[in-house]
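Student: Sequence:
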Amino acid sequence: MICVRFFARVREALDTEELALSEADVADLDALQDHLQQLGEPWRSVLAEPNLLRAVNHEVVHGNRALADGDEVAFYPPVTGG
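Using full-length UniProt numbering, you'd call the opening residue of the sequence shown number 1 and step up by one each time.
Hints listed in this document are in silico derivations from the structure and should not be mistaken for laboratory results.
Where a beta carbon is used, it is the ideal one built from N, C-alpha and C, also for glycine.
One should not assume that every hint holds.
What the hints assert, rightly or not - Pairwise CB distance ranges (calculated): (1) Thr-80 with Asp-34: 25 to 31 angstroms; (2) Asp-34 with Phe-7: 32 to 38 angstroms; (3) Arg-9 with Asp-69: 28 to 34 angstroms.
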């Protein structure tokens, strides 16, 4: 299984903290994001945010990456501060 976690305003907008998916359903990070967007709104718009960050096993991923059983994927907004 692949554990998918959502943080901050992404979690709030989706009203979901975590879910699990079979790696057979999602071969890579882009396929996972597409799969989740097919759940309809608000998933589609929240996961289409241009500044959305994605991480696999606590490592930020720019671009695509293959996923495997046991991976943890996180979606979160950019961090800001002052």
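Student: Would you mind marking each hint as holding or not holding in the structure?
Tutor: Quick rundown of the hints versus the structure:
| no. | hint | in the structure |
| --- | --- | --- |
| 1 | Thr-80 with Asp-34: 25 to 31 angstroms | 27 angstroms, holds |
| 2 | Asp-34 with Phe-7: 32 to 38 angstroms | 20 angstroms, violated |
| 3 | Arg-9 with Asp-69: 28 to 34 angstroms | 29 angstroms, holds |
The structure is inconsistent with hint 2 alone, although it conforms to all the rest.
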